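S.K.: Reconstruct the complex from the two isolated chains, following the hints.
Protein chains in written order, with the working numbering: chain A, 1276 to 1540; chain B, 202 to 468.
In short, the hints are calculated from the structure, not lab data. Worth double-checking, as some hints may not be accurate.
Using C-beta positions, here's what the derived DEER-type ranges look like [unchecked claim]:
#1 A/Leu1347 x B/Gln287: 32 to 40 Å
#2 B/His337 x A/Ala1501: 34 to 42 Å
#3 A/Leu1362 x B/Ser388: 40 to 48 Å
#4 A/Thr1296 x B/His337: 49 to 57 Å
#5 A/Val1354 x B/Gly341: 41 to 49 Å
Here the structure is a predicted model, which is why all the values come from computation and not from measurement. Even for Gly, the Cβ is constructed at its ideal location relative to N, Cα and C.
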Amino acid sequence: MREQTRPVSAWLVFGTQLALTVGFLVAWELGVRWHAADPKYGIDPFFFSSPSQIAATIVTWWQHGYVINDVLVTMWETVLGLVIGGLIGIVLGIVLASNRFLGAVFEPLLVLLNSIPRVTLVPLFILWFGFSLMSKVVSAIVLVLFVVFFATYAGIKDVDPTLIASARVLGAKRIDVVRHVLFPSALTWIFASLRSAVGFALIGAVVAEYFGASAGVGYRIQYSEAQLNTGGVFGGLAILMVLVTVVDTFIRFVQRRLIVWKPAD
Amino acid sequence: MTSSGPPPIIAFRGVTKTFESGYVALHGVDFAIAAERFVALVGPSGCGKSTILSLAAGLDRPSDGTVSVRGTPVDGITDGVGFLFQRDALLPWKTVRDNVLLPLQLRGAGSADARRRAAEWIGRVGLRGFEASFPHQLSGGMRKRAALAQTLVYDPEILLMDEPFSALDVQTRNLMEAELLGLWQGSRKTVIFVTHDLEEAIALADEVLVMTAGPGRIKSRYDVPLPRPRDFEQVRFDPRFTELYSKMWNDLRDEVLESYARANAAG
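Bound-form chain B, shown alone (with noise of 0.2 Å):
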């Protein structure tokens, strides 16, 4: 399952998650990140994607098999990791400001280094001068900028997004990945970017795995041969973007219909 190379940094080893529900979001998933890779998780709604972000987190525990990071076992919130979530995350009653300084007092750092590395990141997504503005007060776009500021800030070693610009209209969607793809060049940090759109995971990504229809598995395993760095805007029309694309919506396809399928029986 794994290629030679250096151990993987995240490692998931047969792993089953059963809600108390009785949903069965994942079943035997089985698939091992490099470190400083930037993976792009695709698959139909519902397929037990997020679900992997929180057991890779520590969030959430496996009802069986084991989530190692690092060589060793998930136990308890995962050391060195930073998530961007679907939905807002941003604390509403703290300003840019404290949200941004929030991760850094959590971890007990002196006052006067952790306001220079807040406004240093403020300023690095571009929000100076939205310092003392509440999250109500910006826009969605704003608000992401805000986000990734909080989770930059403290450096973490593996960031895991889950589909965190499906919300934005398209244009600041295309901007956000330049500039995440910007900030995460050289910063030598692993990725897992969930998301459903087969785009934006050619475009980001060194890897992606296609996840089947729920309960979930690891389908088909991708690399992405675009070279670094790419200019976002022409990288859509190399040619090895689109046969890449069809390859892997050829895989997509039948588990989307699947969960569409199921989802009207359901509905």
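This is chain A alone, in the form it adopts within the complex (with noise of 0.2 Å):
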């Protein structure tokens, strides 16, 4: 506990991390260098690969159009689980959440539904769906799904009862007191919860097409699995990871223009 908290400098925070990531790359790169000259010592590259043979893998498939291609397969799978499985999530959890029967007897299977360790569920969705589109989707919902429900039920449990009670005075209708009360209450659940799920539905693109898929970035993985090549190994981690900056810092951007009506604290 210090008297005074200065701020931090964002410049000196991204400056470290930039050293830190340059130090890193390399100190492998110059690892495998020295084993290079000296097997005895160093990184193997065969386990380990290395930044430049990384960047040169990367560069060659961006030549064969291959990044371009797997970022919009994988994109185009994870936009349509989250859609929807975001629209089934809200749908339930709104049902649910504003019938009391109905949430007492299906919320407790949802919670023990969650608890299903999705990984195990894909290469059942394989054998249902194909290799297709089909099979990434649904796995991409299946995490989604619950991500949102969770959210939404929680949105309309936490309403204030005198929003309703006055809603209702005012002349709301039931459907009316969903539309003006409980949606736009859950909106900011759900919207809080836009991030995780974006993140939960390229999760279960990628680990779908990890397990059986002729095209996408968890494809590009698993293929140079199959080949040893672990430069490619780690290049589609690498496209994965800007991915994922990209999508994260767009959602962030969305977010906090969607919500006006929040005091900004």
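M.R.: Given below as structure tokens:
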């Protein structure tokens, strides 16, 4: 507990992060070069690849048009999973939170289902839906659905009862209460869950690609692995990292603009 | 129980309310309110004052007895009733304009007419220029004004007010009380105003009902003989005001002490 907490300089943070990353990559590269000079020491690129090798792999992929294609395929699966899973989650959340009987019956079941490690279901989805787009989208849906459902459910349960009473006196029927009170209240929670929902959609899509696909970032990683091409594995992971960072930055940008009525605290 | 005169607009007959928890909020409440009267309901905290308003609005049902409005037992939300809550009840995701428009939309008013009426009421409560503000951008007093506009815009015949100004600072509160009287005067609306503040009750009302500590009953009833329109600043110095105050306080004191003792025993 210090008397004064001075704000941390954003530039200092960024500079340190950059230095750490560059330092890590340089050490990795030097370790591999050292191994090349004397195989008793350093880092064996067969197991760990090297930054230059990874970069070369990505450049080759780029030249073949794989990078753009993989990213587009993965994004399309992610978007479909997010939209469909999100809609199911929102509708389920509204219905189960506004009907006490249905809520009492199904909410514990959903908690139970949510405890299933989804990755174990992916081979089943591939069995049911083939190597098609469908198995990837379903895999994303079963992750997104729960995140959005629990956010919607909590958001509606969180509504101040005074607001509902007030709306009813003002003339709101049941459906008006949902539209003017419950849904807008849940919307803040849904938006707040958007970041993790997008992350889960992406994970769902990539994992399903990893299990069986003909394109996509997850497929590229799995394919390289099968070829014992560690550079390709790391290259795929690097592309995934950039993709997640870009998407996450975009979501945060959207989030700040969506909820205008919240006090800026 | 009822005085002679016009038939009551609101009548409680032997009303008992027991909550699911087993708590008895009201026990054998009997009273009737004549149309166009401003009635204050005072009592210690926890005496079921708010429950009476919920029952009159149709937000809740009595466990026993009947609540009738305009001679008909209440079933569902009562028609033509406005409710001002103690807590903020404006929808935080709607602007002042949209909040005031809401009851008109819900009642299916044409949009041009609704907009005109909403704008008029926003002006009458002194919020012109704040139409596009969200509730969190307004002060407590301004939020109360907006809530008042939201309620009065659809011209309800009955106004139920649950300690609406208790969260405000004293100056804002007095200002709002004076404005409420100004808006009510000549509006021919019936008001039930719940408060635990005797001064507020006497200054505003035609009639004051004093309740017992929970389970609440009506303990006594007073007419307020002060002429209208009342000068809100001066009325507190009227000898009739002080006389009434001391009589009512005599009634209320025992109930407050009892409710206080119970709260301590429970706490």
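S.K.: Now, for every hint given, state plainly whether the structure supports it.
M.R.: Right, here's what the structure says about each hint:
1. The hint said 32 to 40 Å for the Cβ distance between leucine 1347 of chain A and glutamine 287 of chain B, and at roughly 56 Å that hint is violated.
2. At about 56 Å, the beta-carbon gap between histidine 337 of chain B and alanine 1501 of chain A misses the expected band of 34 to 42 Å.
3. The hinted range of 40 to 48 Å is satisfied by leucine 1362 of chain A and serine 388 of chain B, whose Cβ atoms lie roughly 47 Å apart.
4. A hinted range of 49 to 57 Å is violated for the C-beta pair threonine 1296 of chain A and histidine 337 of chain B, which are about 41 Å apart.
5. Between valine 1354 of chain A and glycine 341 of chain B the CB atoms are about 44 Å apart, so this pair conforms to the stated range of 41 to 49 Å.
In summary, the numbered hints that this structure violates are 1, 2 and 4.
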